[in-house]
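Chemist: The chain contents come next:
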Amino acid sequence: MSDRSLMDQLELAVEAMLHSHQAALAPDPELGALLDVAGDLRYLPREQFLKALQSDLQDEGEAMTTAATQPVREGFRTITPYITTENVMGLNEFMKNAFGAEETFRTTGSGGGYHIEMKIGDTMLMIGGGGSYKGPGHPTSLHMYVPDVDAAFERAVAAGATPVMRPTDQDYGDRDSALKDAFGNEWYLATHKGASYQRPGLGTVTPYLHPTGAEELIRFLQTAFHADPYEVDVVPEEGNRIVHAKLRIADSVIELGEAHGPWQNMPTMLFFYVDDADAWYDRAIKGEAIPVAPPSDLPYGRCGIVRDGWGNEYYIATPPSGQ
Amino acid sequence: MVLAKTNPVQSDDEQRLIEAAQRDPAQFAELFDRHARRVYAFVASRVRNRHEAEDVTSEVFHQALRNLKQYEYRGIPFSAWLFRIAANALAQRGRELAREQGTAIQTEPITDADAERRAMLFQLVGILPEDQQRVIALRYTEQKSLREIADDMQRSEAAVKQLHYRAIENLRKQMEGRQ
Chain Y
1 MSDRSLMDQL ELAVEAMLHS HQAALAPDPE LGALLDVAGD LRYLPREQFL
51 KALQSDLQDE GEAMTTAATQ PVREGFRTIT PYITTENVMG LNEFMKNAFG
101 AEETFRTTGS GGGYHIEMKI GDTMLMIGGG GSYKGPGHPT SLHMYVPDVD
151 AAFERAVAAG ATPVMRPTDQ DYGDRDSALK DAFGNEWYLA THKGASYQRP
201 GLGTVTPYLH PTGAEELIRF LQTAFHADPY EVDVVPEEGN RIVHAKLRIA
251 DSVIELGEAH GPWQNMPTML FFYVDDADAW YDRAIKGEAI PVAPPSDLPY
301 GRCGIVRDGW GNEYYIATPP SGQ
Chain E
324 MVLAKTNPVQ SDDEQRLIEA AQRDPAQFAE LFDRHARRVY AFVASRVRNR
374 HEAEDVTSEV FHQALRNLKQ YEYRGIPFSA WLFRIAANAL AQRGRELARE
424 QGTAIQTEPI TDADAERRAM LFQLVGILPE DQQRVIALRY TEQKSLREIA
474 DDMQRSEAAV KQLHYRAIEN LRKQMEGRQ
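Chains as they are written, first to last, in our numbering: chain Y, 1 to 323; chain E, 324 to 502.
Any given hint could be a false lead.
Within a straight-line C-alpha distance of at most 20 Å, the following computed SDA-like cross-link-like pairs (lysine to any residue) qualify [what the hints assert, rightly or not]:
| # | chain 1 | residue 1 | chain 2 | residue 2 |
| --- | --- | --- | --- | --- |
| 1 | Y | 286 | E | 342 |
| 2 | E | 392 | Y | 66 |
| 3 | Y | 51 | E | 357 |
| 4 | Y | 193 | Y | 166 |
| 5 | E | 467 | Y | 96 |
| 6 | Y | 119 | Y | 186 |
| 7 | E | 467 | Y | 7 |
| 8 | E | 392 | Y | 13 |
| 9 | Y | 51 | E | 353 |
| 10 | Y | 51 | E | 497 |
| 11 | Y | 96 | Y | 86 |
| 12 | E | 484 | Y | 86 |
| 13 | E | 467 | Y | 17 |
| 14 | Y | 246 | Y | 213 |
| 15 | Y | 51 | E | 342 |
These are computed hints drawn from the structure, not numbers from a lab.
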């Protein structure tokens, strides 16, 4: 068939198809192949529609991102380490003397002990215990950036901490040290040798875990809390042992490294402030977290508790509106 | 325009895009760009007109964005997840219309493979010469006659007919090379 004849027949068939909304049939295979294409083009989306929808989705996505990065409780990030100890007043004094911590809030907790909120640099910490609280202590490991690690180390020792490692220059660009306090907590004091004494992306204080089975814990945190392991350092000659990893959860970071030497698993408590405690709790349970207490309404908000296979407990809370 | 692969196996690149959008929903736009034509093709043959196709497609992507954190690969490609949302949205719409009007919609449902083929075709339209693209858009999405298109483009009817034929022929050849 000549091009002209084919062109005319195509035009007639397309015209009929567009008006009848039925696919056109053609006895000629050459014309049939063209009509197959034309038939599919009836479903071609309008570019203006796609652009407008993409713009709407962009706006909605940006709004969701903004909402996700708004602090759920003013001054707090998503994750706050929560240390419990029988001698909470002793810990309170130590943190003030050793690190210049500022007490911002104190109340009696639901278990009859004190609940105290402390601020060090840009980071909030919770400590609890004492009073009639007879529950277990939860010491923890904390990685803290200070302007002058040598001076901070001496100040902490003077306040009663036991030296574990004196300040030492590390090849990863930090000058590090380690101390243990009288309440069982480990403090890794460091000064980053860069534009700022804090590493970019980290707050003043970051919780640090030493699980046996770091890879499995990372996997758990990914499934339970959508953690993003954005930095994982391994030693290939030691079976890819994870020496250090940073995981981002919402606006917070958790550090961890495989248990070794004196750095062993220390079940800790992490307090999550989230926009929807029920949704986060459900997701954690689906991610194989162990249920401890389902979300319920408490004086400080709606809160549920889960645990992982390493004994770490995660309080998942949404504060009452207006806080 | 980058032509997305239309096979159902999820690439690492796509997986990274999904994870990025799960962390930061503002990055969903790129996933939309990859899948919009595919979903539209899937939806359009199951509804009565373009207006409904746009409504349902819009609903599918808004739902996908809001529920993106619930998506996990586990062998189900992202496109199949979107098709499932689309199928649910269409079923819901069908039930509502049947309740309101007492009749079920008669449509020409297509297979997922047909939707993939149409998605590829729609992407190929984007790489046609500009005047051919314009003729295709006016003819099929605006449903304008040759005369109206000729007036819009300030060309003769014969020239528009020729552009239309060349565009369809180009697309046929391109599709043949990809099937």
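Chemist: Each of the hints needs a verdict: does it hold here or not?
Modeler: Hints versus structure:
| no. | hint | in the structure |
| --- | --- | --- |
| 1 | Y:286 - E:342 | 19 Å, holds |
| 2 | E:392 - Y:66 | 16 Å, holds |
| 3 | Y:51 - E:357 | 13 Å, holds |
| 4 | Y:193 - Y:166 | 17 Å, holds |
| 5 | E:467 - Y:96 | 77 Å, violated |
| 6 | Y:119 - Y:186 | 17 Å, holds |
| 7 | E:467 - Y:7 | 18 Å, holds |
| 8 | E:392 - Y:13 | 47 Å, violated |
| 9 | Y:51 - E:353 | 12 Å, holds |
| 10 | Y:51 - E:497 | 25 Å, violated |
| 11 | Y:96 - Y:86 | 18 Å, holds |
| 12 | E:484 - Y:86 | 87 Å, violated |
| 13 | E:467 - Y:17 | 13 Å, holds |
| 14 | Y:246 - Y:213 | 15 Å, holds |
| 15 | Y:51 - E:342 | 23 Å, violated |
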